[in-house]
Amino acid sequence: MTTIVTDNCKSCRFTDCVTVCPVACFHFDDEMLYIDPDVCIDCSACIPECPVQAIFEDDDIVAEGKEEWIAINAERAPDLPVCDEQMDPLPGAEERKTELGF
Amino acid sequence: MAQLGSEQNPLRVAIVGSGPSGFYAAEALIKSDIDIKVDMLERLPSPYGLVRSGVAPDHPKLKQAILLYDKIAQSPEFNLIANITVGKDISVDELRDSHHAIIFTCGAESDRRLGIPGEDLAGSYTATEFVAWYNGHPDYRDRQFDLSNEVAVIIGQGNVAADVARILSKTVDELKHTDIAEHALDVLAESKIKDIYVIGRRGPAQAKFTPKELREFGELEHCDAVVDSTELELNKASHIELEEKSNIGSKKIYDLFQKYSSRAISGPASSRKARRCHFQFLRSPVELLGDSKLERVRIEHNQLSGDPFKQSARGSGKFYELETGILFRSIGYRGIPMQGVPFHDGWGVFPNDDGRITENDEIVPQFYTAGWIKRGPSGIIGTNRACSVATVNSLLADLDTLDSGDQKAGAETLYSLLDSRNVRYINYQEWKSIDATEVERGQAKGKPREKITYVKEMLELLN
Numbered sequence: 001m002t003t004i005v006t007d008n009c010k011s012c013r014f015t016d017c018v019t020v021c022p023v024a025c026f027h028f029d030d031e032m033l034y035i036d037p038d039v040c041i042d043c044s045a046c047i048p049e050c051p052v053q054a055i056f057e058d059d060d061i062v063a064e065g066k067e068e069w070i071a072i073n074a075e076r077a078p079d080l081p082v083c084d085e086q087m088d089p090l091p092g093a094e095e096r097k098t099e100l101g102f
Numbered sequence: 103m104a105q106l107g108s109e110q111n112p113l114r115v116a117i118v119g120s121g122p123s124g125f126y127a128a129e130a131l132i133k134s135d136i137d138i139k140v141d142m143l144e145r146l147p148s149p150y151g152l153v154r155s156g157v158a159p160d161h162p163k164l165k166q167a168i169l170l171y172d173k174i175a176q177s178p179e180f181n182l183i184a185n186i187t188v189g190k191d192i193s194v195d196e197l198r199d200s201h202h203a204i205i206f207t208c209g210a211e212s213d214r215r216l217g218i219p220g221e222d223l224a225g226s227y228t229a230t231e232f233v234a235w236y237n238g239h240p241d242y243r244d245r246q247f248d249l250s251n252e253v254a255v256i257i258g259q260g261n262v263a264a265d266v267a268r269i270l271s272k273t274v275d276e277l278k279h280t281d282i283a284e285h286a287l288d289v290l291a292e293s294k295i296k297d298i299y300v301i302g303r304r305g306p307a308q309a310k311f312t313p314k315e316l317r318e319f320g321e322l323e324h325c326d327a328v329v330d331s332t333e334l335e336l337n338k339a340s341h342i343e344l345e346e347k348s349n350i351g352s353k354k355i356y357d358l359f360q361k362y363s364s365r366a367i368s369g370p371a372s373s374r375k376a377r378r379c380h381f382q383f384l385r386s387p388v389e390l391l392g393d394s395k396l397e398r399v400r401i402e403h404n405q406l407s408g409d410p411f412k413q414s415a416r417g418s419g420k421f422y423e424l425e426t427g428i429l430f431r432s433i434g435y436r437g438i439p440m441q442g443v444p445f446h447d448g449w450g451v452f453p454n455d456d457g458r459i460t461e462n463d464e465i466v467p468q469f470y471t472a473g474w475i476k477r478g479p480s481g482i483i484g485t486n487r488a489c490s491v492a493t494v495n496s497l498l499a500d501l502d503t504l505d506s507g508d509q510k511a512g513a514e515t516l517y518s519l520l521d522s523r524n525v526r527y528i529n530y531q532e533w534k535s536i537d538a539t540e541v542e543r544g545q546a547k548g549k550p551r552e553k554i555t556y557v558k559e560m561l562e563l564l565n
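Line by line, the protein sequences give chains A and B.
Residue numbering for the first sequence is 1 to 102, as defined by the working numbering.
Residue numbering for the second sequence is 103 to 565, as defined by the working numbering.
Any given hint might turn out to be false.
Claimed, not checked - Cross-link-like lysine-lysine pairs, in silico, DSBU-like; alpha carbons within 30 Å at most:
1. B:Lys-547 x B:Lys-558
2. B:Lys-354 x A:Lys-66
3. B:Lys-412 x A:Lys-97
4. A:Lys-97 x B:Lys-347
5. B:Lys-310 x B:Lys-190
6. B:Lys-361 x A:Lys-66
7. B:Lys-412 x A:Lys-66
8. B:Lys-353 x A:Lys-10
9. A:Lys-66 x B:Lys-558
Just so you know, the hints here were simulated from the structure itself, not pulled from any lab data.
Produce the entire structure from the sequences given, and follow the hints as far as they go.
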């Protein structure tokens, strides 16, 4: 079991999720956030916070056809800096949100 | 005198309560740019609040939040003073003298009541006391729960109701390798409960479970989740609610109810599991009946009215009775007042403005609050992090007004008061030694820990 950030975060990176993470398991690069599955405690607090619904429990991720993101999160997160405070969204995030239908 | 928040004159903050909100407040204070000393005060010898005594024993991963709290507690700026009761061993006024600011993070320690006749009959309990009991909270150690009736009723459809239902649904074999308290495991082993009714006043589209909690009911070894498909018919407003894209959590919950309703449980008895957990909607208990103890609950069917997302339940005038011997109410928590601190009786919280405690809309100097006692009992562990950070931001913005012009001695003042009153307080290192004993005792039984459930026994370990 783990919780996963998927492609909707790309070019948005709103970071509302990190403010409610009880264990600071989010990491970031220039594009998006990733969850470190070894630190995440699967509380799901972040899931409803995401304005573009980029975060899924792995129970749901298969139905979404986004299984590849499980490995991407696990591989990328540990080497990237932690994000535990809200950052400004990426430039163009609002436009992308609209594009994604949110 | 040196500026407040400097090395020579650190900002001294007392945090009352050591649950998640308290630790996230401590974390935010320690991360700030100024010099800070945090003294966290806890009523029990053990810290971590509801992560220790609320989170269900079969959810060990959630308890790993403690790893972060342990890291915070190791900071040189942090100090735990446990086994002391604010209002009894130390007064709120004394904290005002010893510290520049006080953050109350004492949670919501009481339950909302149903307000119906018979509520206090033997056999009618609060979910809180049952949860605290199976989690080994010392205040609830000697409670008795009679699980000899085949029917149990739980009022409420949030995650606490789900926890209680799941613990009653599981067999001892499913629980014995968790950190559930031994005394609870012994009583659950004798449980005769076969049917558990989880009753909500509104409909399946308004149930407050998280999808993850509800999903677990589909995976229990010896208990079927039961939902009657006729109960899943929705009115127009509920349809609109579920179609709303941001309401995806409720949609997932509704889909799970549908899945449970379509599972055939009417097949041969041999294919059915020993227990059943029934999710029922649009019903409210109106009276608990019985001579000396609970025997029946009188229930009224409800109807929803109102706009989408603002629907309320109203009695339909149609009643029936359900035979049961045990009922748990799980319809929300409320905070309890503390002497010397303003309290909003209607909401059960400390009234506040962005975390600054207020009295008659005036800010009370030095007093702050975070967590459930600040905003009411909503959200999960992580929700409190954002809440505590907001309160600490308010506090740090008030730095100038918190400077009383004289140095505060912080914990030193408290220690001398406690010593003069013969109060045996416990520091974090001492707690860690109790913790190590619990883990050791658990190992012998294949459990992550065996909690020590009497304060006296914890203290004896230290002496």
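Discussion item. I'd like to know which numbered hints this structure contradicts. Please list them from smallest to largest.
Written reply: 5, 7, 9
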